[in-house]
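Participant: So you can see what is in the structure, the chains are spelled out below.
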Amino acid sequence: MHRRSMRAALVLVAAATLTLAACGDKSAGGSGSGSESSSAATSGASGSSSSSAAPAGGDLAINPLVQIDIDGNEVEASTGTDAVSPAGDGSATCDGVSVAMAGALTGPNAALGLNILYGMQTALKEHNDANANCQVEIKQFDTEGDPQKATQVAPQIVSDASVIGLLGPAFSGETKATGTIFSQAGLLSLTASATNPDLTANGWTNFFRGLANDAVQGPAVAKYLTGSAGFSTVCVVKDNSDYGVGLAETITEGLGDAADPSCAADVKTGDKDFSATVQLIAGAEPDAIFYAGYYAEAAPFVAQLREGGVEAAFVSADGTNDPQFVDQAGSAAEGAYLSCPCGPAPEEFAATYESEHGQVPGVYSVEGYDLMTIILSGIDSGITDRAGLVEYVKNYQGQGLAREYQWDDNGELSSSLIWMYEVG
Amino acid sequence: MTDPGSARAGSHFDEQNRSVEDAEDVGSDKDLPGGVTEEPVIVDVADVEPELADPAVVAERVAPTRAIDTAVGADLLEMRDVTMRFGGLVALDSVSFSIRRGEILGLIGPNGAGKTTCFNAMTGVYRPSDGQVVFDGEPLGKLKRNQITRRGIARTFQNIRLFSEMTALENVVVGTDARHRTSVPGATFRTPRHRREEHDAIERAMALLEFVGVGARATEKARNLPYGDQRRLEIARALATEPKLLCLDEPAAGFNPAEKAALMDLIRKIRADGYTVLLIEHDMRLVMGVTDRIVVLEFGKKIAEGQPAEIRENPAVIAAYLGVPDDATA
Amino acid sequence: MSTPVKQTSATPLGRPHAGVGDRFRLWWNAQSRPAQWAFGVPFILFIALVPILNIPVLTTVGTNFGAVMAQFGMIALIAIGLNVVVGQAGLLDLGYVGFYAVGAYTVALLTSPDSPWNQTGEGNWLSQDWAWLAVLPVAVCITAISGLLLGSPTLRLRGDYLAIVTLGFGEIVRLLADNLGEITGGGRGLSQVAYPQLGQTEANPGGLFSAGNVAGRINSGVWWFWLSLVLIMVVLLFVGNLERSRVGRAWVAIREDEDAAEIMGVPTFKFKLWAFTIGAAIGGLSGALYAGQVQFVTPTNFNVINSVLFLCAVVLGGQGNKLGVILGAFIIVYLPNFFLGRTDLFGIPINGNEIANYRYLFFGLALMVLMIFRPQGLLPARQKLLTYGRQLYVAARRTAKRQHGDAGTGDQHGTTGAEEVSR
Amino acid sequence: MSSLLSVGALADGSWLAVPAISFNIEALGDRFWSLTIEGLAYGSIYALVAVGYTLVYGVLRLINFAHSEIFMLGMFGQYAVLMLLGFSPSGNAYAEGAVMTIVYLGIAMIGGMLISGGAAVGLERVAYRPLRKRNAPSLVFLITAIGASFVIQEFVHFVLPALTDGELGGVNAQQPIRLVEQKEQFTIFGASVTNVTLIIIGSALVLALATDMFVNRTKFGRGIRAVAQDPTTATLMGISRERIIMLTFLIGGVLAGAAALLYTLRVPNGIIYSGGFILGIKAFCAAVLGGIGNLRGALLGGLILGVMENYGQILFGTAWRDVVAFALLILILMFRPTGILGETLGRARA
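Protein chains in written order, with the numbering used here: chain A, 1 to 424; chain B, 1001 to 1330; chain C, 2001 to 2423; chain D, 3001 to 3350.
Simulated from the structure, these hints should not be mistaken for lab results. There could be a bad hint or two in this list.
[Said to hold, decoys possible] DSS-like mimics (lysine-lysine), calculated; alpha carbons at most 27 Å apart, straight line: (1) B/Lys1144 x C/Lys2270; (2) C/Lys2384 x B/Lys1142; (3) A/Lys139 x A/Lys125; (4) A/Lys223 x A/Lys394.
[To be verified] The following label-pair restraints were derived from C-beta to C-beta distances: (5) D/Asn3024 x A/Ser228: 47 to 57 Å; (6) D/Phe3186 x A/Ala201: 48 to 58 Å; (7) B/Gly1087 x A/Pro261: 52 to 62 Å.
[As the list claims (entries may be wrong)] From chain C, some residues computed to sit far from chain D (all C-beta separations above 10 Å): (8) Asn2029; (9) Asn2054; (10) Phe2238; (11) Phe2269; (12) Gly2341; (13) Asp2344.
Remember, it's a predicted structure, so these values are computed and weren't measured experimentally. Idealized CB from N, CA, C, for every residue including glycine.
Produce the entire structure from the sequences given, and follow the hints as far as they go.
Facilitator: This is the structure in structure tokens:
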């Protein structure tokens, strides 16, 4: 008897499901529509449209707002059309030269590594297509973002004689663990994403950072928030990653009195429920919330903030500056400020990138492209050894898609600027 | 398992499986997983240590070496008004009797009479709700089970509980370890005391195996031994702890008459070697044949105590067992 | 857990020609000590040389083989330690990574310049050169104490409860490292941890153990591997001594039937606590190696999934078998690296990176299949629990031979064995 | 070579810096009731998942480590059903009206229950039954469960996107489909109660009562308790152990599926391949807390854990939530080694 009633229930459910499914699309409330084929989610870092991603929160996208310096003052953007092209003049000759890429290519942190790799590949393709006599190769080394793994990978990079330059490591932790290896081998280590300020204080002569570090981003954004944006109380929330902790520290410092210690909170990477933090913030009634962490947590966090009735501005940084943030947070993301040392991707680049890799450029894709371009231009100028390439980068000065590149003695960019984006 | 407190530790299945497997596997040196039939390796300890071929040497090595305060014939263990309650159930109702040093005492009674509970009270598995167990002049009080063993009470189990992955010899050596003092530091650095104790342990364990008659299977895993040998091995393991009192919980369960006769001989031999023995057994013929005195329990109360001949004639005992033939009480 | 051992799958000892392994074991056990050394030492030397021999298929492609072997050394230590707890004493520990973390953090906290408790440098009590070595015993002791502290309240719990409590402990340790940012650096970790400063040269300013030593075949990874190999030998010796003693027998007895063990006079709680403490100390030792090799410690390296992997190494190799768990550790560490960056195997083109990417999928499947068909692990346990049991093993082999028809040879051994027994 | 140690510096003692942990008792007092209600909502999700652990443990003495993945599959299951119903991922809440929303939620919940229940039964068949036939020790079951857990996670991570053309699974969380917009309904003691909280607590209550009735009142429930208490006797009494075991897994799976839907109402962004793991561990904690093997213990343990960790994260800071949960577990087990309610299944020993 039981069995029969169970079966009957099953049939009923199935029938109901079918009927309802036939009713067709449901439309979402709010500003967007569920099935509308819009060119949604325009990424700030990309400036292009996402084709496959479903429309999220209507037509929200991350749009560049303003470029600021370390004091939070606006600076005229210098991005643009005069960027150095990886193609060069097409007459370069070289043989058996390769560039290594080290970063997380598999595992939970792979997205960031792949963004850089794809950016590099886009540059490489332009170069190799134009220079028939100089076919450079990218050698990929997967660190999984794990410091111990990185120490196993690094010797392979160093001992590969064809590798004359390294783009990476991607994360600060693995850079700390492997810095001595590359430094001792005299191998160029050009990072597109490791933003921990301490990295350039180790005396490594081979290490260059292709973007502003957190010690720039923190104060710059903090000053911008208290200055131009006019916020007087800010809650700083951080995750437990190397990146989040470091960034939160510089932001808090930069905010000074504006940072409200009573609502400073910690979350963990992987958390999806932030109700306690939301309650804490709701009680403090700040003007803005700064979140130091990645989009996977930022998206549910901002959504829950809005559901919890917190209307204060949501500010976050490069870890959140990803189309996925908007996709997942929906309308809650609207109006969020996202800073990034990374520059917005010009449309042409974004289109090429998407056609080659089937996805829109993510955070640091442009850096991957720019830095690869610098290495390639060094190779094109006839450099064939590691020392030569380090020297070349040290003296390099040129325009990239994202910014102008020139390094100081420590390996930091001489003019480190931050971009502010707004979701809208 | 007899102990509800921690018996629930093992799963019910575990127990069930164990007994089922015992039934299937015990005493069968049959098929390997691959279907290959193999003979067991017989390593006779007498082969390794030829002196053990002489029973006198064996008996001497097995004989207890511990000083016992109690004189021969005096009370070694005394149950003083021991009451045991489980919730509303009274399993033992102020039971008093004593075991005298050097005797073989039988403890009998119909099913559920409280024999095993009594046993557990002595060996510290349960603490009496009321009353006292006094052993060798001192109350057992709140001693832990392993401490009680060290004080000199050893037991076997109704449902065999050997360490099945260990060899027969190793099982017995675990028993001898109760008298050893080496701990981690000593063993790690192989101190002289550790070496001495290890030597003693093996020597005594081999003698014990020979004594109970499983010397030929010293290096076999306990679970591969035939059923009867497993029972005898349990006795050897218990003797290895150098007890003043050896408690045997239905050692003849599942034995055929010939094996029972051999067991009776063994029990007598153990007593002759200087041990005191408490025997719980259903088989009346065996109990009557081997014990010096008998205590009869029924419904948690002692109903009779006396020599086998007296017990046989005791009307209360006859009433308790009325209509039930001796052999079938199990 | 009082797990009764089942008969169905294990091949029982005492049936000598059941398999190559058993036959080898009988032969090995019957050898005299010098003979065992004569065979053992070259074998260990061979293992030590594996990372520099550059054996074609064996050597990893995407990662440095020496560094992989260094990691293997650490995980092997972990597996030996966990084997004491799980394999020998039968205590289910799902938070073993906690001890690994305590060991690593002890070293890092005392020697990293990022830490407020840093003891190296001017005016402090640790000299820079010897800091790692000086802190090593400290790390082992502190980890042992942490094991004692965790064990004393929890080891009275039954197996399944112990599992979740240890898992909770492992997580608490990681979360403490994460949350106490002022001391541990939180997510930023502690960098520039001390390491043995040995053999500094012009070309190699950091010395042999420095991560920077990657030139040539004998790089820092190999040195770390050799160091861990030495430590493994020492630990194996001690653990082996324990196994063949009252302690090891007590552990096995507890594993098989805790109640019966206690009734046979085994102080079960005491020996469980010892197992826990010893296991913890070995885990801490491995953690200290980790901190020294990577010279950088963050909480993410110590999450639950690693605990589970360690446990898998033990079960995969064969719990209770010391060599088995080392093999398990090797498989866990080596296999993903084997495929990484490999484009062909024996001439067959493969996409190694893709395979490495799916490693947990394959790993999970392999575990499930293995548990069905070989639950006792690749090398099942055949513990030897007697210090002076050799004469018995000799006799066992002799008997085995006699049963096989080719009698003889062993008699002399037998006599010496008997003498050994009776002193 | 310099000296190994400099004792003077050691004796100095100034090197020892100890961090301060602050307590925010005021905040706890201020928000006590809202924390309690939120904690109960979260706790009832734990409770439903914990039932799966506890029932399987009661019957098989097996820690079904893969139960967290059953829960995770439930999240994907209800999501897939919603997609079939025509909903597409969006950051915004749909406004379908109360009645239709409840109908859709009901269907999604049933979808989640079917997927989870089916997966649990399948897991039992494929992974555990062969082991039972071989009488494997419990560590072997645990390792198999861990293996299965890897396989299910990686299936959703890598294989599912390939099967569904990228619609489901993969490395990122699913874009949420929000059917219910969180709104305050009323307040108790000054604490606001939202519609989502109401749905969660209400559904969990109904399901818990139903399960309790099922286990304690029906023939099948009696079978489960009989097998839990004494499998051999139960078999002799004509109860099919295999069927009871299957039923146990089914109930556990179904409740995990229901919990999955409730969880996604609360945390719409939580639908990711790795999303079951921590929640599963917490639910297992809850089961142990209440006394593993004890149905009501699991329910109680879930609620206690949910409420206590919610207090804890306000008291010590949000980063300490999990520490509070695990420390609570260890503390309680130290004083009550078999959990709060002891270990018997249902009313078997009442």
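Participant: Could you work out which of the previously given hints the structure breaks and list their numbers from low to high?
Facilitator: 2, 4, 5
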